[in-house]
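There are 2 protein chains.
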Amino acid sequence: MTDTPPFAQTPGPPYVAVIFTSVRTDGDNGYAAMAEAMDALARRQPGFLGVESARDALGITVSYWTDQDAARAWKKVAEHLVAQRRGREAWYRDYRVRVATVEREYGMGSSPLEGLR
Amino acid sequence: MTDTPPFAQTPGPPYVAVIFTSVRTDGDNGYAAMAEAMDALARRQPGFLGVESARDALGITVSYWTDQDAARAWKKVAEHLVAQRRGREAWYRDYRVRVATVEREYGMGSSPLEGLR
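Chains A and B, in that order, give the protein sequences.
In terms of our numbering, the first sequence opens at residue 1 and continues consecutively.
In terms of our numbering, the second sequence opens at residue 1001 and continues consecutively.
Note that these hints are calculated values from the structure, not bench results.
Take the hints with a grain of salt, since some may be wrong.
What the hints assert, rightly or not - Calculated cross-link-like contacts (lysine to aspartate or glutamate; reagent style EDC-like; alpha-carbon spacing at most 20 Å):
no., chain 1, residue 1, chain 2, residue 2
1, A, K76, B, E1103
2, B, K1075, B, D1094
3, A, K75, B, E1103
These figures come from a predicted structure and were not determined experimentally.
For reference, chain A alone in the conformation it holds in the complex (with noise of 0.2 Å):
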């Protein structure tokens, strides 16, 4: 463990952010090991950047790649592996994904606060 803030080390603009938000369906239902495993996955993915990610009632996880093409090369795999598994109907309630172009971002310390909380 380090006292680093937990985000992702992105680059200078521009580049994609890939929002997935969902609900879940009750128990885990393999959720656990197969959120992992896609994890890892992402990871070792070429034009991986980084990701974030907190879940409450809703769940949201921001997966940052270098361009386009990595970003969609990304939703094959991570299909491939659900496809291979239980499925998302055993995971989500419901989901929504929107591919995004990052052309402006701040920090704490470079300027004033931008978001809502």
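Since the structure of chain A is already known, use the hints to place chain B on it.
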């Protein structure tokens, strides 16, 4: 309470996502009241589309806006509200703000899994 998952009801792309990731300080220090005020304020802003939020070790709030001008205008309002209160150093150990243009969007019913978890 409804049974609807707490996803932001965004229109078809393109639109703007402001991804705010943060690590909190210890203690409330007026944070909960500030967050509630900021949420209410955001919802009244021109160009506001929705917001999704989750927190465990890391907090992630993604707010959605019609365009870059609406996102910039919100930044000024948010800064003003924070300046009126105790200030960001009381609430945050560190944060990142990323402003991105959403180009593609998928739901569970319409396409396969793309995110990490």
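How the hints compare with the structure:
Of the pairs offered as hints, the one joining K76/A and E1103/B holds, with about 18 Å between alpha carbons and a cut-off of 20 Å not exceeded. Note on K1075/B and D1094/B: the hinted pairing holds, with a Cα-Cα distance of about 17 Å set against a maximum of 20 Å. For the hint pairing K75/A with E1103/B, the CA-to-CA distance comes to about 15 Å; that is within 20 Å, so the pair holds.
Of the numbered hints listed earlier, not one is contradicted by the structure.
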